[in-house]
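Please construct the entire structure, taking both the sequences and the accompanying hints into account.
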Amino acid sequence: MQRHRWRLLLAAAAFLLGVAGGPARAQEYKPEYRLSVMPDATSPWGRGAQIWADLVRQRTKGRIRIKLYTGASLVGGDQTREFAALRQGVIDMAVGSTINWSPQIPEFNLFSLPFLLRDAHSMDAIMHGRVGRELFARIEEQGVVPLAWGENGFRELSNSRRPIRTPEDMRGLRFRVVGSLLFNDIFTALGAYPTQMNWSQVLPALKSREIDGQENPISIYCSAKLFNFGQRYVTLWDYMADPLVFVVNRQVWDSWTTGDQEIVREAAIDAAHLEVSLERDDTLDSGQTVWQAMAKRGVKVTRLTPAERQRFVDATRPVYLKWKVLIGRDLVTEAEREVAQATRREAAIQKRAAR
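If you use mature numbering (1 follows the signal peptide of the UniProt record, and there is no 0), the sequence shown corresponds to residues -26 to -1, 1 to 329, in order.
Calculated directly from the structure, the hints in this document are not laboratory data. None of the values given here were measured: they were computed from a predicted structure. Possibly wrong hints are sitting among the right ones.
Said to hold, decoys possible - Keeping only pairs whose Cα atoms sit at most 20 Å apart, straight-line, the calculated SDA-like set for lysine to any residue is: (1) K35 to S229; (2) K270 to A281; (3) K4 to T257; (4) K199 to V176; (5) K35 to P5; (6) K41 to A94; (7) K181 to Q116; (8) K181 to K4; (9) K274 to S197.
Structure below.
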């Protein structure tokens, strides 16, 4: 009888400990979590990360406090080391670029295939379709928890030398690139000289004319004020896009209660939605569009015609085919299918709207 009573008491204690699991685990929370991003806090990317941090703090009533570290400062400015630092626990959380993380997750090179993506609709189709789910699984396998897709936008060209309308215009120009060797292959195929360089090195290199140009979304061009560094010529060619991923280190994630995990996940989804809206909005806080602001700075913007863009597509096609094999033929084929489906769907919507 006594033994039975002890068993009941032990069972009751175990039950109470289980019920109290939330507060007990909450005592293990860090006073502050480190959230890494590459650009400054004024860019849509940086603002999206700060929104995430603010939402988490509000919704957890201060249980989870997050500090934003810009400029990839937690890895000495080397953004290509960010994902490895996440896995190791040097970084707790991040809003990171698929380009910067592609050295550790080669499948992320998919988004950098030249001219695979046609517009935002095709990018959304990949991120939120089967391919996006497979890529999230790759992140999970590395000990990092993916929560939401953000966006750094389509990447455009800028340089200090001349307008670019044809592949021939790129010959001999020195462009900063980052991440995968795929970028080297693309720019070499176009007759340019690619130089691998971390973002922290770019502004000094532009100022000293060590490089002639770079490629980045327009939001980064504007937030970094690249027009002040001789980048007077911009070409809109939309040759690839740069999705972002809102993530948490696995050990950090597992230290939180289930309830707080759900709060952090929902906050990431909400912040990502706002970040994408900011990225796709070309209106600045001043009320001007980015194009008006650039024109005032004397920046010459070249918009390629479909025929002009096709010349770049043709010139980089061998690179595309080479990297399709390296990334994984099945994965890329599925992405191509999702892009084609999104393009047909959008065309049908436009057709109905025109009636």
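Practice item. Would you list, in rising numerical order, the hints stated earlier that this structure does not obey? Key: 2, 3, 6, 7 and 8
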